[in-house]
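Could you put the whole structure together from the sequences, leaning on the hints where they help?
Sequences listed follow chains A and B, in order. Using my numbering, read the first sequence as starting at 1 and increasing by one per residue. Using my numbering, read the second sequence as starting at 1 and increasing by one per residue.
Check the hints yourself; a few may be wrong.
Unchecked claim - In the SDA-like style, the derived pairs of lysine to any residue whose C-alpha atoms are separated by at most 20 Å in a straight line are: (1) K4(A) x P183(B); (2) K165(A) x A176(A); (3) K185(B) x L76(B); (4) K4(A) x A175(B); (5) K4(A) x V184(B); (6) K4(A) x L15(A); (7) K165(A) x G177(A); (8) K185(B) x F214(B); (9) K185(B) x A175(B).
Unchecked claim - Label-pair restraints from in silico Cβ distances: (10) L73(A) x G84(B): 41 to 51 Å; (11) Y115(B) x E62(A): 15 to 25 Å; (12) P83(B) x L89(A): 43 to 53 Å; (13) D38(B) x L14(A): 38 to 48 Å; (14) Y115(B) x L89(A): 49 to 59 Å; (15) V178(B) x F99(A): 46 to 56 Å; (16) P83(B) x K4(A): 12 to 22 Å; (17) L15(A) x I121(B): 38 to 48 Å.
To be verified - So these bits of chain A aren't anywhere near chain B, every CB distance computed over 10 Å: (18) L121; (19) E126; (20) P188.
Derived from the structure by calculation, the hints contain no laboratory data. Since this is a predicted model, take the numbers as computed values, not measurements. Note that beta-carbon positions come from the ideal geometry of N, C-alpha and C, so glycine has one too.
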Amino acid sequence: MGLKRTVGRIAFALLVLGIVVWAVFPFVWAIVTSLKVGSALFTVEAWPSQPSLANYAAIFREQPFGRNILNSLLAASAVVALSLGLAVLAAYALGRVRFRGRGLLLFVVLGVSMFPQVAVLSGLFELVRWLGLYNRIGSLVLSYLIFTLPFTVWVLTTFMRELPKELEEAAMVDGAGPFVIVTRVFLPLMGPALAATGLLAFIAAWNEFLFALTFTLTDDARTVPVAIALMSGASQYELPWGQIMAASVVVTVPLIGLVLLFQRRIVSGLTAGAVKG
Amino acid sequence: MLVVLAGVAGWPLVRTVFFSFTDATLATLDGFQGVGLDNYLWLMRDPVWWRAVWNTLVFTVVSVGIETALGLGIALILNAHLPGRGLLRAAVLIPWAIPTVVSAQMWGWMFHDLYGVVNAILMGLGLIAEPRAWTADPDLALPVVIAVDVWKSTPFMALLILAALQMLPRDLYEAARVDGVHPVKVFFRITLPLIRPALMVAVLFRTLDALRVFDLMYVLTGNSRSTMSMSVYARQYLIDFQDIGYGSAAATMLVLVLAAATVLAVTLGRVRVDAGR
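Right, dumping it as structure tokens:
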């Protein structure tokens, strides 16, 4: 029994270790690669013999990567601000006010978040051109709302339903209208939920690829994922793997940091959006 | 909120469906003619389209299947009391936090035919005799795409399942332990039925996500036919070939497939989309 148990424990520990390696190794390898320059890139070694930050310098010097990061930041922040603002009001209506067709409406909102982005591509393309937003960040803000808005509305509605009714009634007795109730009573209580959904919406917008690829044309207007996907070197046949990996690391480190920092909230946000959805 | 949602989602969708019955191209967005069902008839006769449908279905079934099994396993491990559980959960979260484009590039580099670490490791272990062109070989490309998706999306599955596991009532397990029921039986008789609703929702979410997959294939294997998904096919016609009408028809077909999958899942799996509160 004792031996069997020990063997079992060791096997279990190995299994856990395997999972960790499997999850982390590709990212570690990206970091290792990003530190290699010249011919070292094409040798497989666990740690570069002459680690160098040249690739990191190059992406900001040779590519408009700083500009790409700024674009992504602007687009994602604007989308988050807009969708949270709209979603708080919508969540109040959907979560607190009883009206006919509420269930159906919620269902439609959820449905929108699920249909394929490519299905709205041609219609959106027309809209973007008509608004004169082609190759501008505005086109991305507009198109990202399509997936951030349903998600934020859904999660915030779930959250708002769980807030005690007495609060609202007390405010009503004091003569507060719906707008005051939302801004003065609910908003302060919703801080954690807003942070979680905002963060998830931010990540979704930051990672979006199809719309960003389609609605931007020039290097300067690109967002980070498109820039990384289309990064090219001096010649057409030579992909600058070191630079691509450096850019990947630059983009990913803050995301991983955020995710690890807000672990619990993200998990609860995901489950509110999915399990209850 | 509704107005915005209608503007960015409803209207473009309607236009896409409308375009699918016309011969519109990017250049003739102002002057096009209706062509009835011609686009759909052409689509039905295009072997490349059927290849894309097949790829998408294989990708969806295989990757969601593996992700569910692995996710369940990892969730069970994370749910067990073991030292360093927080660290393990953090490690598992990393693939989820990495943007799809970045993970596609990272794996693309690891699977590189000449300098990739995967070839180096496999050859070092003596499993293969010579380097393989993983992403260029038609027989290997789809499995590679699936492997990358499994790496990236299993954490999502694991997190959702873990959330369900942690809500299970403890006393049931106490009772089972007192009665001396075998752990395997406990899992199939108690755990699985109880987390089934959450599991089904997670599977549905991943399935819909997988059916509309775009960026993974686009970055990892480009417009290669051996891995082309329905979204990649539709976008290629919409943007690269500028054939809005035909591409819209393909996109509309994708919406129909997604809708069918949703209806199928909701009726067969009895997924309760609205928690009904």
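Going through the hints against the structure:
Restraint check: the Cα-Cα separation between K4(A) and P183(B) comes to about 16 Å, which is no more than 20 Å; the hinted pair holds. Distance restraint check for K165(A) and A176(A): the Cα-Cα separation of roughly 14 Å lies within the 20 Å cut-off, and the hinted pair is therefore satisfied. Distance hint between K185(B) and L76(B) is fulfilled; the C-alpha atoms sit about 15 Å from each other, no more than 20 Å. For a cut-off of 20 Å, the pair hint linking K4(A) to A175(B) is broken: about 26 Å separates their Cα positions.
With a C-alpha separation of about 18 Å, the suggested pairing of K4(A) with V184(B) holds against the 20 Å cut-off. The suggested pairing of K4(A) with L15(A) holds, with an alpha-carbon distance near 16 Å, which does not exceed 20 Å. A C-alpha spacing of about 15 Å is found between K165(A) and G177(A), which places the hinted pair at or below 20 Å, so the restraint holds. As the CA atoms of K185(B) and F214(B) are separated by approximately 40 Å, the hinted pair breaks the 20 Å bound.
Between K185(B) and A175(B) the CA atoms are separated by roughly 13 Å; this keeps the pair inside 20 Å, and the hint holds. For the pair L73(A) and G84(B), the beta carbons lie near 34 Å from each other, so the given range of 41 to 51 Å is not met. Y115(B) and E62(A) have their C-beta atoms about 21 Å apart, which keeps the hinted 15 to 25 Å range intact. For P83(B) paired with L89(A), a C-beta distance near 46 Å keeps the hint of 43 to 53 Å intact.
Hint check: D38(B) to L14(A), Cβ distance near 59 Å, so the stated range 38 to 48 Å is violated. In this structure the hint that Y115(B) and L89(A) lie 49 to 59 Å apart at CB holds, the actual value being about 53 Å. At roughly 50 Å, the beta carbons of V178(B) and F99(A) sit within the given window of 46 to 56 Å. Between P83(B) and K4(A) the Cβ separation comes to about 21 Å, which falls inside the hinted range of 12 to 22 Å.
For the hinted restraint 38 to 48 Å between L15(A) and I121(B), the CB-CB distance of approximately 19 Å leaves it violated. For L121(A), the condition that its CB be more than 10 Å from all CB atoms of chain B is violated, with the nearest at approximately 6 Å. For E126(A), the requirement that its beta carbon stay farther than 10 Å from each beta carbon of chain B is not met, with the minimum near 6 Å. The non-interface label for P188(A) is consistent with chain B: the shortest C-beta to C-beta separation is roughly 21 Å, beyond 10 Å.
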